[in-house]
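> Use these hints to put chain B onto chain A, whose structure you have.
Each protein sequence line maps, in turn, to chains A and B.
Using the working numbering, the first residue of the first sequence is number 2, and each one after it goes up by one.
Using the working numbering, the first residue of the second sequence is number 848, and each one after it goes up by one.
For the record, the hints were derived by calculation from the structure and aren't laboratory data.
Beta carbons: idealized from backbone N, C-alpha and C, even for Gly.
Incorrect hints may appear among the rest.
Chain A regions said to be covered by chain B (calculated; three or more residues, Cβ under 8 angstroms) [unchecked claim]:
1) 9-17
2) 96-105
3) 139-149
4) 259-268
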Amino acid sequence: MADVLTFTDRGIYCPAGDFYIDPWRPVPRALITHAHSDHARWGMDSYLATPSTAAVMRHRLGDINVQTIPYETAQQIGDATVSFHPAGHVPGSAQIRVAVKGQVWVVSGDYKTVDDGLSEPFAPVPCHAFISECTFGLPVFNWTPQDVLQGQINRWWAESAAAGKTAILGAYALGKAQRLLRLLDPDIGPILTHGAVENTNEVLRGIGIALPATTRVDAAMTGKTHPGALVLATPSALGTPWARRFGPSSTAFASGWMALRGVRRRRAADRGFIVSDHADWAGLNAAITATGAEKIFVTHGYTTAFQQWLRDQGHDAHTVSTDYQGEGFDSGEDAA
Amino acid sequence: MKAFAALFAQLDESTKTSVKVAALAEYFRTAPDSDKLWTTALFTGRRPKRVITAAKLRLWAAEVAGLPDWLFEESYSIVGDLAETIALVLPPPCATSDESLTDWIIHLRALGMQDDDARKAGIIAAWDRLPPAERFLFTKLLTGGLRIGVSAKLMTRALAQATGQPEPELTHKLMGNWTPDNVTWASLIEADDPGTDASRPYPFYLAYGLEDLAALGPPADWSAERKWDGIRGQFILRGGSHYLWSRGEDLMTDRFPELMQLCDALPDGTVIDGEVLAFAGDAPLPFAALQKRLGRKTVPRKLLAEAPVILMAYDLLEHDGRDIRRLPFADRRAALAGLVARVSTRAPLRLSPQVTFSTWDDLAAARSQSRDVGAEGLMLKRHDSPYLAGRKKGDWWKWKVDPLTIDAVMIYAQSGSGRRANLFTDYTFAVRDGDGLVPFTKAYSGLTDAEFRQITAWVRKNTLQKFGPVRQVQPVHVFEIAFEGINASPRHKSGVALRFPRMLRWRQDKPVAEANTLDDLREMLRLYG
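Bound conformation, chain A alone:
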């Protein structure tokens, strides 16, 4: 039997429907799992995505030809039937299910299994073959429960404010930033946002996602004009003149990589909060078991080790090479 999906140098391809999923080179037809820049790239003749993903893509990629599809709705493309299912990664993120002649393959995109209170929660989709990310596919990655995390962040903010310091928190502009926003306690002080974060906030508010009140940082703002503030910025903005305007500050990064002491120390922030929009070790294993898939393809992350682990567990596991980046730990790029 022919494979439902194949792996090409342009991306994941479905011969039966003649379309690509998250391609990294221009193609006629692209189905997009979510709007992060390593999955939703510029230059496709047409795009198909969930409404929320489409909204962010229009903001980021400009004038593109994009059709939308609601979750859990089947659509026929050639000889393939496709549907989008929540991946829990960021608002609008989807796993894409492709069925051809009774064979079901699912592309996970990026995903996490815990409910972050912002994204549509991950829903397992039974399938024969599952194409999974494994950014954090090692047993050392186990995320802090969200309620504990919320306490840690608000305590750090309150302590910084009490010490007369501006709390500056670095997080990805799409998804991570809004997830953190909804965890913040607005009674502690004003919440200020970096332009890249606030632009995304506006897009998400525009599609009906409720976020706490935020103020875009402008040239006149300092730690003195907004005492006790928390500034939500992209990771690359930390340590720059833009951040220094706030005077005495306490800086923090929010990333899955903060689980590692070495990375925490290298990033040279005052605090590191362990939070990721990718599945941790337990999440990856639970998700894969829930699909019931015999065949597993791992795309990006600790692929070699994770593939071996899956084989040890009796899965028919393979690694495919893609251009997806997962969560970067050295660059401040917004690629997640």
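Here is chain B on its own, set in the frame of chain A:
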């Protein structure tokens, strides 16, 4: 343990000195005495002995976590620290513990007395009632490897804030042979007299590298001597016993038995700051000769004959049982000269000769001869300087010769550990030899974090072959390698071994064809070896 873990987290995560000192001072104000004592001990390198081998810990942790050994090892290679890997892979604890740091250390020492089965059960039970941060510290203590990124200087500053005592006095109190078993917080820190322990050394006075010769003022205010390339040591003779301390506070008395002769030659109540040097006739032997004697607890007779040591005396800190560190250097040196003059020339003691000069140009000329006399540069001391504690600017300066340098090609890269996990920071370098490349040294310091990140990204894309954690890379990048000395070494393929190799700069402007050759390296060996 909670309070200690919180302190550790604050010290570990912040890069700001002020934050670290404040956290420590707060801890020293609030923690119970026994925990303060243990914390001080741990922060000054007085760690409890290793209770268990790393091999057994990995095995047990993998078993409890339900992981195959290979996956545990894979995780360890990414994390770069065994205790951290263990703390991360274990399932969350089922119970909690309010026991203090001291309680856990007592517990840990008791484990050391037990047989393997009991130890295993005890360690697993401990893991099960500690949250990850405390679990990490407990496991670090088990392996005897707890190191904390806080200098003795910062800790002393915090102690001074918390106790109101002057820093130099506290520095002195913290030196010497004490362990938490033979002192109390009160006797160590709160008691007035730091001189109760006969073996206790004075804090070493260290110099910074010279910044501006012109700013020193008139040459007549200064004394100069050679900066000898041995091991800095403090020789103590008190109560009929002698002690030799290294700058890193290692007691090295037994490693240099020759110096016992000085007990009869010098008066009791003498403390000399000097350099332990391998010495033959009237000249020092290369550092390589001394190196053979390091790392040995006892010295075979053959080695004693091949590489006999002397103490090259720099300064006198205690004279007739009196602390004379506040006297001007000129007076201390005169007293030292008087002592050395009374000792037989056959005894292993020399007075470090002064380099005479009347102008700074004279001195620069003398400095340029350093390598010829087996020294690594000059030491400048103001005639009227007291003997201070720690590294201080102003009165003392070291003026080292410029390092030797060579342009080499990077051929292998390996990732670092700890703070450098996930970064390729350890490189192997080669020199050209005909059309080939001959590896001759490794180096892993000297670049900025940004450069290491840049090279890491490059290594990932330009790996030719993997040998376990080592990657063979395209030989295209040239680095300027600086080093302090070069010796013949039959153990190395290149036939040479370098002293203190480090990367001086990344020569992105140089192609491989302009890197140095094996012949260049041999010529350096001929000149400086």
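> Each hint: holds or not?
Results for each hint:
no.: 1; hint: 9-17; verdict: violated (count 0)
no.: 2; hint: 96-105; verdict: violated (count 0)
no.: 3; hint: 139-149; verdict: holds (count 5)
no.: 4; hint: 259-268; verdict: holds (count 8)
Violation of the numbered hints given earlier is confined to hints 1, 2; the remaining hints are satisfied by the structure.
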